[in-house]
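Heads up, the first sequence is in the numbering used here, so the first residue is 1 and it goes up one at a time.
For the record, the hints were derived by calculation from the structure and aren't laboratory data. Heads up, some of the hints might be wrong.
Result set (DSSO-like, lysine-lysine): computed pairs, CA atoms no more than 30 Å apart in a straight line [as the list claims (entries may be wrong)]:
(1) K242 with K42
(2) K201 with K75
(3) K161 with K201
(4) K161 with K252
(5) K42 with K75
(6) K42 with K105
(7) K46 with K183
(8) K252 with K46
(9) K242 with K252
(10) K247 with K161
(11) K105 with K183
(12) K42 with K161
(13) K242 with K75
(14) K42 with K183
(15) K46 with K105
(16) K247 with K201
(17) K75 with K247
(18) K252 with K75
(19) K75 with K161
(20) K252 with K201
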Amino acid sequence: MPKTIIVVSLLISLIASQIAFGQPSCPEFFAGGQPPVLVNAKLSNKYRLFCNSGFANGHSGLTRGPLWGAELLTKQDIDEGRGAARHDNFRPDTRLPVSERSELKDYSRSGYDRGHIVNNRDLTPENRDESFLLSNIVPQVPENNRGIWSAIESATRYEAKRRGQIYVITGALFQGQPLQSLKGRVIIPTSLYKCIYDVSKQQAGCYTTANTSGDQYAVASVAEVELAAGINLFPAMPLQVKMQLIKLPVPKARR
DNA sequence: CGGGCCTCCCCT
DNA sequence: AGGGGAGGCCCG
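Build the full structure now, drawing on both the sequences and the hints.
Structure follows, in structure tokens:
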């Protein structure tokens, strides 16, 4: 086949995939350039993928919040961002239709924290502002967010520094019925998870924690989390890597 | 270990 | 703008 035809057909398929999903492309945040794929068909309604400067979100208009956030976490980014002040700027994501997004008033005086999916401190200072988009925020029990979850985020940054760089996918689980909500609008996740993938070492693993007070957490394989989430989080990850149960640093909770 | 100090992530 | 609780880190 002539080279021009190959190039043209590649371009057409690329454009077609963009049109088909109505989504921009940001392969740099995904292992193998491949974003998560929904397996559970119930999630696909009102599902959108957003590319930001420092990370990507898969967003559900049904829960009015992110299902997952993806980033490439590097030692360099963490070192560069160290010590930079945080400037809160929580705001609704106007890329979403009103019918699919959460608003500040949903969270106000709700008793729930606005919990980051992709963490503010993981991003470079110039990219941090977009972590406050509500498309990256879920209702989180305050004791969980400020306690064990904060420790899991620290442990994850430690792993990134130790390994040089890792792909990270953080997400929310909505399990069982009935699910609780803020004002009948924003569905409250029952659990959160954070999975890491070290491509050079072909190692992967996840933390999970129930969205409750207390410092309980568990370590799980990517395969287990994918099954619970109904999402193929890392389409490019070999099955044997998904099945691994690697040792992750203990997120310490003081007792 | 314990204490002091810093970091994190929110709240009003 | 100011506050606070929890956790991390370092030093003894």
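Tell me, which hint numbers fail for this structure? 5, 8, 12
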